[in-house]
Amino acid sequence: MGHNGNLTNTEELAQEAGMLPGTITSDSDLVAELIANQIGHESNHNASDGRELERGLVKILPKLEGAFSFVLMDEAHIIGVRDPNGFRPLCLGKLDNGWVLASETPALDIIGAHFVREIDPGEMVIISATGVRSIQPFPVERINPTLCVFEFVYFARPDTQLYTQSVHHARVRMGQFLAKQAPVEADVVMGVPESGIPAAEGYAKEIKIPYAQGLVKNRYIGRTFIAPNQELRSLGVRMKLNPLRDTISGNRLVVVDDSIVRGTTTRAMVKMLREAGAKEIHMRISSPRIVGHAFTEWIQERGLNF
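Numbering of the sequence shown is given in the numbering used here, commencing with residue 390 and proceeding in unit increments.
Since the hints were made in silico from the structure, they are not lab data.
Given the structure is predicted, the values throughout are model-derived calculations rather than measurements.
Don't take every hint at face value.
Derived SDA-like pairs (lysine to any residue); straight-line CA-CA distance at most 20 Å [what the hints assert, rightly or not]: (1) 569 <-> 678; (2) 594 <-> 583; (3) 483 <-> 501; (4) 448 <-> 399; (5) 597 <-> 670; (6) 483 <-> 503; (7) 668 <-> 598; (8) 597 <-> 671; (9) 452 <-> 397; (10) 606 <-> 660; (11) 668 <-> 638; (12) 483 <-> 553; (13) 483 <-> 498; (14) 483 <-> 467; (15) 448 <-> 460; (16) 448 <-> 437; (17) 606 <-> 672; (18) 594 <-> 575; (19) 606 <-> 635; (20) 594 <-> 547; (21) 594 <-> 565; (22) 483 <-> 499; (23) 448 <-> 466; (24) 569 <-> 590; (25) 452 <-> 474; (26) 452 <-> 398; (27) 597 <-> 573.
Put together the whole structure using the sequences plus the hints.
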């Protein structure tokens, strides 16, 4: 089983699964336990017909709350499930001799598969030797397509296609709209690597100011905003980004980033750019201001209390 997302009712589900507090290693572990229990219960009362996993999922899925895209496999089936809101992406692809499920379309490109379609919110697809079937395991009233906005802003790879749109070009367009809303006189437009770069390119194109790389990213440093304290977050930014002084020194900069979660990266980066000789620094953010969060448990696990 593979899982992209976060459940929000894990305590309730753990009680149902009979799991002791502190023994849950992940949401995926919990869901696997629930499915196994359901299949075990069914096998005690019915003869096997090879569709136990499918029926177990139909029983368990309506109990899950939160964001989840699942892929599961047994000896004869591959199954894909997307939550009723479609918070996280999931797509179906076709190979010459089979079918593929993936979170994002670049995975299909890598193996030479052809994109067929996105799995709909609340849909479950069952792939077997006879082809692909689709069922709806969730009540109709729970279906409410609301893809997480951070997929287009930050999470998704730029070469991904979501809802027939290129993520890269969507980010470029965000920068173009931003330039119309918040223009400024400056010498150079630069993006914060990596996801701020397409918006910076769009901003520069729209406002007709040269675009240049001003920051180099250390690709081995993870997301700094989820570090447990401010000191580590600030240190993480220093380790993650380093200025190109030839681009920065003496220039008025427009610095475009995709979003602000805590402001950790922004504060440390502005200080870094000033030390590198920037004459002016104008921050521009290509996504709307964050005023709340979707899932309390996800936020609290990572210390993100807005």
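Enumerated hints in conflict with the structure, sorted upward: No hint contradicted; all consistent.
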